[in-house]
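Input sequences plus hints: build the corresponding full structure.
Chains as they are written, first to last, in the working numbering: chain A, 1 to 623; chain B, 624 to 964.
Keep in mind the hints are simulated off the structure, nothing from the lab. Bear in mind that the values here come from a model prediction, so they are computed numbers and not experimental data. Ideal Cβ placement from N, Cα and C applies to all residues, glycine included. Among the clues, some could well be false.
Below 35 Å or equal to it, Euclidean Cα-Cα: the simulated DSBU-like pairs (lysine-lysine) are [as the list claims (entries may be wrong)]:
{"hint": "1", "chain 1": "B", "residue 1": "Lys953", "chain 2": "A", "residue 2": "Lys216"}
{"hint": "2", "chain 1": "B", "residue 1": "Lys719", "chain 2": "B", "residue 2": "Lys761"}
{"hint": "3", "chain 1": "A", "residue 1": "Lys124", "chain 2": "A", "residue 2": "Lys170"}
{"hint": "4", "chain 1": "A", "residue 1": "Lys289", "chain 2": "B", "residue 2": "Lys719"}
{"hint": "5", "chain 1": "B", "residue 1": "Lys953", "chain 2": "A", "residue 2": "Lys431"}
{"hint": "6", "chain 1": "B", "residue 1": "Lys953", "chain 2": "A", "residue 2": "Lys289"}
{"hint": "7", "chain 1": "B", "residue 1": "Lys719", "chain 2": "B", "residue 2": "Lys775"}
{"hint": "8", "chain 1": "A", "residue 1": "Lys203", "chain 2": "B", "residue 2": "Lys953"}
{"hint": "9", "chain 1": "B", "residue 1": "Lys719", "chain 2": "A", "residue 2": "Lys198"}
{"hint": "10", "chain 1": "A", "residue 1": "Lys199", "chain 2": "B", "residue 2": "Lys953"}
{"hint": "11", "chain 1": "B", "residue 1": "Lys872", "chain 2": "B", "residue 2": "Lys638"}
Residues of chain A clear of chain B, computed beta-carbon distances all greater than 10 Å [unchecked claim]:
{"hint": "12", "residue": "Glu110"}
{"hint": "13", "residue": "Cys231"}
{"hint": "14", "residue": "Asp428"}
{"hint": "15", "residue": "Arg471"}
{"hint": "16", "residue": "His491"}
{"hint": "17", "residue": "Thr512"}
{"hint": "18", "residue": "Val547"}
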Amino acid sequence: MSETTATVPTPAKPRRILDRAVVRFAGDSGDGMQLTGEQFTTEAAWAGNDIATLPNFPAEIRAPAGTLFGVSSFQLQFGSRRVYTPGDRLDCLVAMNPAALKVHLPDLKEGGLLILNTSAFEKKNLDRAGYATNPLDDSALGERYRLHKIDITRLTVDALAGLPLNAREKDRCKNFFALGLVSWIYTRPIEPTLDWIKKRFTKSADVAEANTRALKAGYHFGETAEIFAECYGVEPAEMPPGVYRSMTGNRALAWGILAAAQRTALPVVYGAYPITPASDILHELSQHKRFHVRTFQAEDEIAAVGAVIGAAFGGAIGICGTSGPGLALKSEGIALAVMAELPIVVFDIQRGGPSTGLPTKTEQGDLLQALYGRNSECPVVVLAPATPGDCFFIAYEAIRIAVRYMVPVIVLSDGYLANGAEPWLIPDPTKLPDIDVRFRTDPEGFHPYAREEATLARPWVRPGTPGLEHRIGGLEKQHITGNVSYDPDNHDLMVRLRAEKVRRVAQEIPPTTINGPAAGDLLVVGWGGTYGTVTAAVEDAQASGLVVASLHLRHLNPLPPDLGQILHQYRRVLVPEINSGQLVRVLRAEYLVDAVGFNRVRGVPLTTQDVLEAIHQMVEDKR
Amino acid sequence: MSTGTNAPQARRYTKKDFESDQDVRWCPGCGDYAILSAVQKMMPDLGIPREQIVFVSGIGCSSRFPYYMNTYGFHTIHGRAPAIATGLRLARPDLKVFVVTGDGDGLSIGGNHMLHVLRRNVNLTILLFNNRIYGLTKGQYSPTSELGKVTKSTPLGSADRPVNPCAFALGVGATFVARTVDRNIAHMEETLKRAAAHRGAAFVEILQNCNIYNDLAWNLLYDRESKIQHELRLEHGKPLLFGPADDRKGLVLDGVRARVVRAAEIPAERLWTHDEHDAAAALVLASLPSPEFPVPIGVLAETEAPVYEDLLLEQEQRAVSDRGAGDIAKLLVSGDTWTIR
Numbered sequence: 001m002s003e004t005t006a007t008v009p010t011p012a013k014p015r016r017i018l019d020r021a022v023v024r025f026a027g028d029s030g031d032g033m034q035l036t037g038e039q040f041t042t043e044a045a046w047a048g049n050d051i052a053t054l055p056n057f058p059a060e061i062r063a064p065a066g067t068l069f070g071v072s073s074f075q076l077q078f079g080s081r082r083v084y085t086p087g088d089r090l091d092c093l094v095a096m097n098p099a100a101l102k103v104h105l106p107d108l109k110e111g112g113l114l115i116l117n118t119s120a121f122e123k124k125n126l127d128r129a130g131y132a133t134n135p136l137d138d139s140a141l142g143e144r145y146r147l148h149k150i151d152i153t154r155l156t157v158d159a160l161a162g163l164p165l166n167a168r169e170k171d172r173c174k175n176f177f178a179l180g181l182v183s184w185i186y187t188r189p190i191e192p193t194l195d196w197i198k199k200r201f202t203k204s205a206d207v208a209e210a211n212t213r214a215l216k217a218g219y220h221f222g223e224t225a226e227i228f229a230e231c232y233g234v235e236p237a238e239m240p241p242g243v244y245r246s247m248t249g250n251r252a253l254a255w256g257i258l259a260a261a262q263r264t265a266l267p268v269v270y271g272a273y274p275i276t277p278a279s280d281i282l283h284e285l286s287q288h289k290r291f292h293v294r295t296f297q298a299e300d301e302i303a304a305v306g307a308v309i310g311a312a313f314g315g316a317i318g319i320c321g322t323s324g325p326g327l328a329l330k331s332e333g334i335a336l337a338v339m340a341e342l343p344i345v346v347f348d349i350q351r352g353g354p355s356t357g358l359p360t361k362t363e364q365g366d367l368l369q370a371l372y373g374r375n376s377e378c379p380v381v382v383l384a385p386a387t388p389g390d391c392f393f394i395a396y397e398a399i400r401i402a403v404r405y406m407v408p409v410i411v412l413s414d415g416y417l418a419n420g421a422e423p424w425l426i427p428d429p430t431k432l433p434d435i436d437v438r439f440r441t442d443p444e445g446f447h448p449y450a451r452e453e454a455t456l457a458r459p460w461v462r463p464g465t466p467g468l469e470h471r472i473g474g475l476e477k478q479h480i481t482g483n484v485s486y487d488p489d490n491h492d493l494m495v496r497l498r499a500e501k502v503r504r505v506a507q508e509i510p511p512t513t514i515n516g517p518a519a520g521d522l523l524v525v526g527w528g529g530t531y532g533t534v535t536a537a538v539e540d541a542q543a544s545g546l547v548v549a550s551l552h553l554r555h556l557n558p559l560p561p562d563l564g565q566i567l568h569q570y571r572r573v574l575v576p577e578i579n580s581g582q583l584v585r586v587l588r589a590e591y592l593v594d595a596v597g598f599n600r601v602r603g604v605p606l607t608t609q610d611v612l613e614a615i616h617q618m619v620e621d622k623r
Numbered sequence: 624m625s626t627g628t629n630a631p632q633a634r635r636y637t638k639k640d641f642e643s644d645q646d647v648r649w650c651p652g653c654g655d656y657a658i659l660s661a662v663q664k665m666m667p668d669l670g671i672p673r674e675q676i677v678f679v680s681g682i683g684c685s686s687r688f689p690y691y692m693n694t695y696g697f698h699t700i701h702g703r704a705p706a707i708a709t710g711l712r713l714a715r716p717d718l719k720v721f722v723v724t725g726d727g728d729g730l731s732i733g734g735n736h737m738l739h740v741l742r743r744n745v746n747l748t749i750l751l752f753n754n755r756i757y758g759l760t761k762g763q764y765s766p767t768s769e770l771g772k773v774t775k776s777t778p779l780g781s782a783d784r785p786v787n788p789c790a791f792a793l794g795v796g797a798t799f800v801a802r803t804v805d806r807n808i809a810h811m812e813e814t815l816k817r818a819a820a821h822r823g824a825a826f827v828e829i830l831q832n833c834n835i836y837n838d839l840a841w842n843l844l845y846d847r848e849s850k851i852q853h854e855l856r857l858e859h860g861k862p863l864l865f866g867p868a869d870d871r872k873g874l875v876l877d878g879v880r881a882r883v884v885r886a887a888e889i890p891a892e893r894l895w896t897h898d899e900h901d902a903a904a905a906l907v908l909a910s911l912p913s914p915e916f917p918v919p920i921g922v923l924a925e926t927e928a929p930v931y932e933d934l935l936l937e938q939e940q941r942a943v944s945d946r947g948a949g950d951i952a953k954l955l956v957s958g959d960t961w962t963i964r
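What follows is the structure in structure tokens.
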């Protein structure tokens with residue numbers, strides 16, 4: 001554990017203090033923009049800012065250089081106030097080539113800071129980006145934005161003169177020049193990046209030196225070049241005291257599993273078939289065998305859920321991670337777990353669809369699939385994390401519920417939460433709730449489908465337990481005995497019991513937190529990864545005097561018991577979602593409430609501005 | 624609690640101990656009865672406490688099998704038993720796990736899982752009942768049905784060539800492959816015992832009769848006269864001989880091409896000697912077309928290879944012994960952190 005107190009460098013030029021700033025680094029997928037963004041995020045975190053990030057990269061691994069579809073970007077918002085989202089419009093755009101400029105310029109605020117790497121603006125790249133004339137020669141660009149044309153490539157190569165690296169290796173350091181420059185502009189400390197370089201390139205002193213020099217060169221360029229009249233400061237945010245780390249959603253899901261594995265002292269079998277954007281959970285877990293987590297890279301999505309069901313039958317914690325298309329393939333397996341009443345957890349890291357859709361982009365299109373996407377009457381528990389860090393608690397909670405109620409639990413994360421990062425107050429794992437694992441060992445009066453009263457859970461029996469030999473399966477079970485039964489009344493009863501068991505999970509849900517007045521003109525209801533956007537928009541609306549509140553659902557099935565009563569305290573209900581209106585359908589059906597959807601399905605998070613406008617429209621519409 | 628009194632190791636079992644209280648619901652005359660009986664009969668010889676045995680099956684007539692075994696059992700979904708059994712072994716390497724499947728379950732809808740469970744060499748005993756027909760869905764042709772098979776779904780004859788289960792298993796690297804016949808109880812018991820004793824994925828094709836939809840599909844090996852002509856009993860280290868006593872025939876191998884010869888007309892050392900440890904030769908043997916060649920029954924191959932879950936668990940144990948058990952509290956504060964006061 002390395003612990004640092006934020007030190008913000010004292011600049012030689014005037015420093016203007018901002019509340020928050022939105023910066024985006026954009027370039028070719030080979031330009032290292034993700035790394036640049038992640039490092040800048042760390043620097044801002046060290047400076048004590050609150051942060052939200054949005055990595056955005058092409059599905060192609062090595063997209064052709066210079067093309068529009070090969071552009072990779074990383075956006076973050078950092079602030080001295082609470083930051084809920086990566087931000088809508090950019091204060092600063094760094095474009096490493098013409099394609100990056102073309103793709104991202106529309107998001108830059110008028111008067112925003114635009115930094116272009118001039119050496120990349122040559123004929124071939126301009127052609128690939130579809131520029132007939134060189135935008136560097138376009139005077140309008142300099143009029144609309146604070147444009148800085150900097151030959152980042154040449155300055156980097158010059159700074160590395162004398163190092164025994166070839167031209168290509170030197171060229172690859174240019175992202176750190178850009179990082180150094182932006183670090184200077186926003187007076188974020190470069191020490192964490194210098195540290196990172198030291199640790200990362202232990203095997204090559206020359207590469208470490210090159211990156212260090214490039215970073216410092218960029219930083220000093222800002223300081224000494226006459227082109228920047230001022231720099232900016234963003235004061236540390238008021239955040240709860242404690243030890244923080246940066247956390248992404250996928251890592252948090254993985255670590256939530258580890259926390260549960262340690263608490264229960266049970267082995268975990270994590271079954272997965274590689275799929276974007278869920279694969280990082282598999283990668284992360286495969287590094288933590290010490291927690292008795294057995295990662296199984298299955299031959300397909302179906303085998304992954306199958307193995308996990310087999311593990312649960314064996315008395316282990318069975319978990320699999322996938323994305324929408326994989327969830328579709330797992331439907332039959334999940335239904336088996338519903339029938340066999342075995343505890344499994346399925347993470348669905350939602351992405352744009354249908355079909356292969358937009359593998360690297362975010363969406364909330366799988367809610368109805370999770371709730372209803374199986375044959376017959378097949379209820380499961382559905383949870384959704386609100387932020388990247390919340391993924392840790394949701395993973396733990398999913399396991400806790402699954403084993404307590406002997407039910408499958410689906411967790412709906414999404415591409416934005418999975419790859420997005422936030423400063424995360426590290427929790428005390430001993431304060432996490434207990435996970436109630438009880439294996440039946442007593443043969444006296446044992447029946448495989450006898451139920452516990454409070455939860456309706458059937459007993460969990462580890463094979464190997466003498467005297468409890470029994471058979472289960474996908475055929476309908478006779479109540480209590482678990483024998484195969486085709487009796488009509490028994491089937492009706494079992495359908496109701498399986499539904500009631502899921503319904504009883506509602507007793508685990510804490511009272512709903514309402515952000516704003518307990519009654520009023522408008523309630524905005526969000527779920528999953530839109531938490532930040534909805535909260536930011538509602539707080540802006542409240543600041544402008546509207547009587548608006550929001551609430552955020554982490555439990556989608558069952559819904560919180562107090563939800564119906566809350567919904568009816570407001571004149572209107574607005575439900576923003578990155579789909580064509582899924583939760584809104586559920587709320588209308590469940591509560592006979594005239595909820596209205598706000599829907600954009602663009603593969604990117606909703607913007608705060610769009611939600612804010614929808615709020616204003618709803619409140620002003622006096623019908 | 625009565626766990627102490629049930630101390631398993633001391634217990635001597637009989638066949639009866641493995642019969643569950645459920646009524647067996649296969650059609651009268653089905654070959655599955657004989658298989659069930661053979662399995663129940665050989666169980667006591669395994670020397671494994673009953674509660675440590677699990678039968679996992681998919682869907683189909685054969686997959687009803689676990690209900691009739693008084694062990695732990697899981698009747699799962701179509702084709703997925705190998706995947707479910709793999710997860711069970713990962714969680715519980717202490718259990719003895721059997722997979723019961725059929726030609727449709729194991730080689731059609733579950734063909735992919737069968738491939739992977741065999742190549743991974745998961746420690747499972749896999750019994751594939753091959754009756755060359757879909758019984759439970761009432762008589763459609765299966766992936767092992769002969770070309771031109773006339774069934775409800777193929778009134779003009781099937782147009783796809785059958786898969787040879789043993790050749791498939793050998794082709795994907797199975798470490799134990801055997802074939803036996805439902806009407807040969809003694810051979811079945813012997814073969815199943817060998818399979819159950821193998822460490823790794825053991826694949827047994829059991830030629831089984833569906834007297835309703837595909838009666839006498841294996842008559843080549845049922846009919847007394849035909850059986851004498853066509854059955855080739857495999858014995859390790861013995862020459863491949865078949866046919867009636869007064870007209871013994873043998874197989875010789877020229878390169879990878881097999882030929883049938885009159886045993887009397889060829890020196891004994893020229894005959895093909897069965898070597899269970901030679902998987903490549905077993906593949907040639909398993910692939911011989913019938914009726915031009917005899918049908919080999921017995922153990923085609925038994926080879927040694929690392930067991931998948933052994934390797935995974937070794938990694939786990941090494942990780943724990945090298946760096947100690949995982950500690951979430953330490954992990955949470957590992958790497959870059961910062962303090963806000």
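Now the hints, each set against the structure:
Proximity of Lys953 (chain B) to Lys216 (chain A) is assessed by CA-CA distance (about 33 Å); at most 35 Å being required, the pair is judged to hold. Using a Cα cut-off of 35 Å, the hinted pair Lys719 (chain B) and Lys761 (chain B) holds, with the two alpha carbons roughly 33 Å apart. A hinted pair counts as satisfied when its Cα atoms are at most 35 Å apart, and Lys124 (chain A) with Lys170 (chain A) qualifies at roughly 21 Å. Taking the CA atoms of Lys289 (chain A) and Lys719 (chain B), the gap is near 24 Å; set against the 35 Å cutoff, the hint holds.
About 15 Å separates the Cα atoms of Lys953 (chain B) and Lys431 (chain A), which keeps this hinted pair within 35 Å; it holds. With a C-alpha separation of about 15 Å, the suggested pairing of Lys953 (chain B) with Lys289 (chain A) holds against the 35 Å cut-off. Note on Lys719 (chain B) and Lys775 (chain B): the hinted pairing is violated, with a Cα-Cα distance of about 39 Å set against a maximum of 35 Å. For the hint linking Lys203 (chain A) to Lys953 (chain B), the alpha-carbon distance of about 27 Å falls within 35 Å, and the restraint holds.
Proposed proximity of Lys719 (chain B) and Lys198 (chain A) is contradicted: the alpha carbons are some 51 Å apart, above 35 Å. Simply put, Lys199 (chain A) and Lys953 (chain B) have alpha-carbon atoms about 20 Å apart, close enough for the 35 Å limit, and the pair holds. Only pairs whose Cα atoms come within 35 Å are accepted, and Lys872 (chain B) paired with Lys638 (chain B) is rejected, the gap being roughly 39 Å. For Glu110 (chain A), the requirement that its beta carbon stay farther than 10 Å from each beta carbon of chain B is met, with the minimum near 35 Å.
Listed as a non-interface residue, Cys231 (chain A) keeps its Cβ farther than 10 Å from every Cβ of chain B; the least gap is roughly 22 Å. Separation of Asp428 (chain A) from chain B is inadequate, the least Cβ-Cβ distance of about 8 Å not exceeding the 10 Å criterion. Listed as outside the interface, Arg471 (chain A) is inconsistent with that label: its C-beta sits roughly 4 Å from the nearest C-beta of chain B, within the 10 Å cut-off. Taking the minimum C-beta to C-beta distance to chain B, about 17 Å, the non-interface status of His491 (chain A) holds against the 10 Å cut.
For Thr512 (chain A), the condition that its CB be more than 10 Å from all CB atoms of chain B holds, with the nearest at approximately 28 Å. Here Val547 (chain A) stays apart from chain B, with its beta-carbon at least about 33 Å from theirs, past the 10 Å limit.
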